[in-house]
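Going line by line, the protein sequences match chains R and U. Be aware that the first sequence starts at 1, since it is given in the working numbering, and climbs by one per residue. Be aware that the second sequence starts at 1, since it is given in the working numbering, and climbs by one per residue.
Quick caveat, the hints were computed from the structure, so don't treat them as lab data. Possibly wrong hints are sitting among the right ones.
One copy or two, it doesn't matter: identical chains are merged, so the pair holds either way.
Straight-line C-alpha distance at most 27 Å; calculated DSS-like pairs for lysine-lysine [unchecked claim]:
{"#": "1", "residue 1": "K95", "residue 2": "K186"}
{"#": "2", "residue 1": "K235", "residue 2": "K119"}
{"#": "3", "residue 1": "K190", "residue 2": "K35"}
{"#": "4", "residue 1": "K96", "residue 2": "K140"}
{"#": "5", "residue 1": "K7", "residue 2": "K96"}
{"#": "6", "residue 1": "K140", "residue 2": "K119"}
{"#": "7", "residue 1": "K5", "residue 2": "K96"}
{"#": "8", "residue 1": "K140", "residue 2": "K5"}
{"#": "9", "residue 1": "K95", "residue 2": "K190"}
{"#": "10", "residue 1": "K7", "residue 2": "K190"}
{"#": "11", "residue 1": "K235", "residue 2": "K35"}
{"#": "12", "residue 1": "K96", "residue 2": "K120"}
{"#": "13", "residue 1": "K186", "residue 2": "K30"}
{"#": "14", "residue 1": "K120", "residue 2": "K140"}
{"#": "15", "residue 1": "K140", "residue 2": "K7"}
{"#": "16", "residue 1": "K7", "residue 2": "K30"}
{"#": "17", "residue 1": "K5", "residue 2": "K120"}
{"#": "18", "residue 1": "K35", "residue 2": "K59"}
{"#": "19", "residue 1": "K190", "residue 2": "K140"}
{"#": "20", "residue 1": "K96", "residue 2": "K119"}
{"#": "21", "residue 1": "K35", "residue 2": "K120"}
{"#": "22", "residue 1": "K59", "residue 2": "K235"}
{"#": "23", "residue 1": "K30", "residue 2": "K235"}
{"#": "24", "residue 1": "K96", "residue 2": "K190"}
{"#": "25", "residue 1": "K59", "residue 2": "K140"}
{"#": "26", "residue 1": "K186", "residue 2": "K35"}
{"#": "27", "residue 1": "K5", "residue 2": "K59"}
{"#": "28", "residue 1": "K186", "residue 2": "K119"}
So the chains spell out like this:
There are 2 protein chains.
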Amino acid sequence: MTLEKVKALTFDVFGTVVDWRSSITREGEKLAEAKGITGVDWAEFATAWRAGYGPSMAKVRTGELGWTKIDVLHRMILDEILARFEITGLSEDDKKEFNLAWHRLTPWPDSVSGLTRLKKGYIISTLSNGNIALLTNMAKNGGLPWDVILSAESVNHYKPDPETYLGAADLLGLEPSEVMMTAAHKGDLKAAAACGLRTAFVPRPMEHGPDREVDVETEDWIDVTSSDFNDLASKLGL
Amino acid sequence: MTLEKVKALTFDVFGTVVDWRSSITREGEKLAEAKGITGVDWAEFATAWRAGYGPSMAKVRTGELGWTKIDVLHRMILDEILARFEITGLSEDDKKEFNLAWHRLTPWPDSVSGLTRLKKGYIISTLSNGNIALLTNMAKNGGLPWDVILSAESVNHYKPDPETYLGAADLLGLEPSEVMMTAAHKGDLKAAAACGLRTAFVPRPMEHGPDREVDVETEDWIDVTSSDFNDLASKLGL
């Protein structure tokens, strides 16, 4: 490992820094109570909303859709699954507000303390497919102490397009090897490694709830594997 | 004034948040001492470096140069004025390092405390012609508590191009009228106002040193005029 050169850590956000599933489930339940909606499994709804994310970004990545920010993609998916779950009676304002639930996702218990430690030794940045407003509002709501907010929107390319990782390094004024991508997902890390970034794997076994198996095994090509952000800070000597 | 709608404050940085002249003068004097350079008025050198900034951005704004970040423009100007001031004997590494002096500019005395107060009520963002790496490093060096770093580089347009102000509002997910541009320079504010942004004028009488007159008068079209960032926080009820 040649991690002495690393100057910045870039973080995947959905699943790695914040717990989207519990947050969306909770917001759904809140909405249901306020609007008298019954019979919906909101954890399942959250999973369905998230499941629409990859395919909708794929449309942008392949050029089927022009550049479209996640807020808009989230809304497109929402309209689809509201119909699928047979949820009716929401006003346009209700839907707008519910769509912003993604701006209010709750950090994992170690995220704020771990990032605060990591910030002492590194530039800490988001590198998320979430748009800049979403990431900014989420940081403000959750107390995430980012030095800088970088997003797919900063370069108009969604991960895992190489332009996202290389563009982030360029915006930070760093060589790819001076940047370490931190994520709970190996696909994200593999794409970053292919661009010359270092990689930190922080599996989040509860990302998809208690009933789904998650790959938490380290691999040879990964630079650091940590159980959470505080463990990562310790492993990096902070 | 309809300032109740304002959700984000965007800040000009060079001159408004940080004191470029004293900082560059000090860095020049430090370099001169280390390298045995004599006979240079470093305040004059700082003024010359800054004076090259507008014309070099104008080349990008008119299309004479493709998109070029400020770090690169600063270096082009540096090479020119090193020759003009007849400063020789600097290595490539010395010049690279001196060029990064712009990443280390010192905040005005009220900047950190004022921004910390303003952050309680608003999203606070840079909106500078400085590139993202420069602004990130400057924030880290100076303890500037930005929620998000927006730059001309975020939209590949230099202020006062309208794309810069409108692009910033779009990246923040806000209407132009929900964003207040804060600057020590009326030209910047005038361009922002023309795009529908609100405006806060914070004159910095010492920006160009003790010997140069600076326009500190408010005007009818300006929404708020404040003597510093703490005064601005008070005027906004924080």
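Quick rundown of the hints versus the structure:
Neither within a single protomer nor between protomers do K95 and K186 lie at most 27 Å apart by alpha-carbon distance, with minima of 33 Å and 40 Å respectively. In this assembly of identical chains, K235 and K119 lie within 27 Å of each other by CA distance solely inside one copy; the values are 14 Å within and 32 Å between copies. Taking CA atoms no more than 27 Å apart as the test, K190 paired with K35 passes in neither setting, with 43 Å inside one copy and 45 Å between copies. In this homomeric assembly, K96 and K140 come within 27 Å of each other (Cα to Cα) only inside a single copy, at 19 Å, whereas the closest approach across copies is 35 Å.
For the homomeric pair K7 and K96, the shortest alpha-carbon distance between copies (18 Å) is at most 27 Å, but the shortest distance inside one copy (38 Å) is not. For the homomeric pair K140 and K119, the shortest alpha-carbon distances inside one copy (16 Å) and between copies (9 Å) are both at most 27 Å. Taking CA atoms no more than 27 Å apart as the test, K5 paired with K96 passes between copies only; the shortest distance there is 18 Å, against 44 Å inside one copy. With identical chains, the CA atoms of K140 and K5 are at most 27 Å apart between copies only, with a shortest distance of 18 Å across copies and 30 Å within one.
Neither within a single protomer nor between protomers do K95 and K190 lie at most 27 Å apart by alpha-carbon distance, with minima of 36 Å and 36 Å respectively. Taking CA atoms no more than 27 Å apart as the test, K7 paired with K190 passes inside one copy only; the shortest distance there is 20 Å, against 38 Å between copies. Proximity of K235 and K35 under a CA criterion of 27 Å is satisfied in neither setting, with 47 Å inside one chain copy and 39 Å between copies. When the C-alpha separation of K96 and K120 is checked against a cutoff of 27 Å, the pair qualifies only between copies, where the shortest distance is 25 Å, while the shortest distance within a copy is 37 Å.
Proximity of K186 to K30 under the C-alpha cut-off of 27 Å is found in neither arrangement, the shortest distances being 33 Å within a copy and 47 Å between copies. Taking the closest pair of Cα atoms, K120 and K140 come within 27 Å of each other both inside a single copy (19 Å) and across two copies (10 Å). Taking the shortest Cα distances, K140 and K7 sit within 27 Å of each other both inside one copy (24 Å) and across copies (12 Å). When the C-alpha separation of K7 and K30 is checked against a cutoff of 27 Å, the pair qualifies only between copies, where the shortest distance is 25 Å, while the shortest distance within a copy is 41 Å.
Taking CA atoms no more than 27 Å apart as the test, K5 paired with K120 passes inside one copy only; the shortest distance there is 16 Å, against 36 Å between copies. For the homomeric pair K35 and K59, neither the shortest alpha-carbon distance inside one copy (33 Å) nor that between copies (56 Å) is at most 27 Å. Proximity of K190 and K140 under a CA criterion of 27 Å is satisfied in neither setting, with 30 Å inside one chain copy and 29 Å between copies. Taking the shortest Cα distances, K96 and K119 sit within 27 Å of each other only across copies (25 Å), while inside one copy they are farther apart (34 Å).
For the identical chains of this complex, K35 and K120 are neighbours neither inside a copy (45 Å) nor across copies (32 Å), given an alpha-carbon limit of 27 Å. Within a single copy, K59 and K235 get their C-alpha atoms no closer than 38 Å, and across copies no closer than 47 Å, so neither meets the 27 Å cut-off. Taking the closest pair of Cα atoms, K30 and K235 never come within 27 Å of each other, the shortest separation being 39 Å inside a single copy and 37 Å across copies. Proximity of K96 and K190 under a CA criterion of 27 Å is satisfied in neither setting, with 35 Å inside one chain copy and 33 Å between copies.
Taking identical chains as interchangeable, the C-alpha atoms of K59 and K140 are never at most 27 Å apart, the minima being 30 Å within one chain and 37 Å between chains. Neither within a single protomer nor between protomers do K186 and K35 lie at most 27 Å apart by alpha-carbon distance, with minima of 39 Å and 49 Å respectively. With identical chains, the CA atoms of K5 and K59 are never at most 27 Å apart, being 36 Å at best within one copy and 35 Å at best between copies. When the C-alpha separation of K186 and K119 is checked against a cutoff of 27 Å, the pair qualifies only within one copy, where the shortest distance is 23 Å, while the shortest distance between copies is 36 Å.
The structure fails to meet hints 1, 3, 9, 11, 13, 18, 19, 21, 22, 23, 24, 25, 26 and 27 from the earlier list, while all remaining hints are met.
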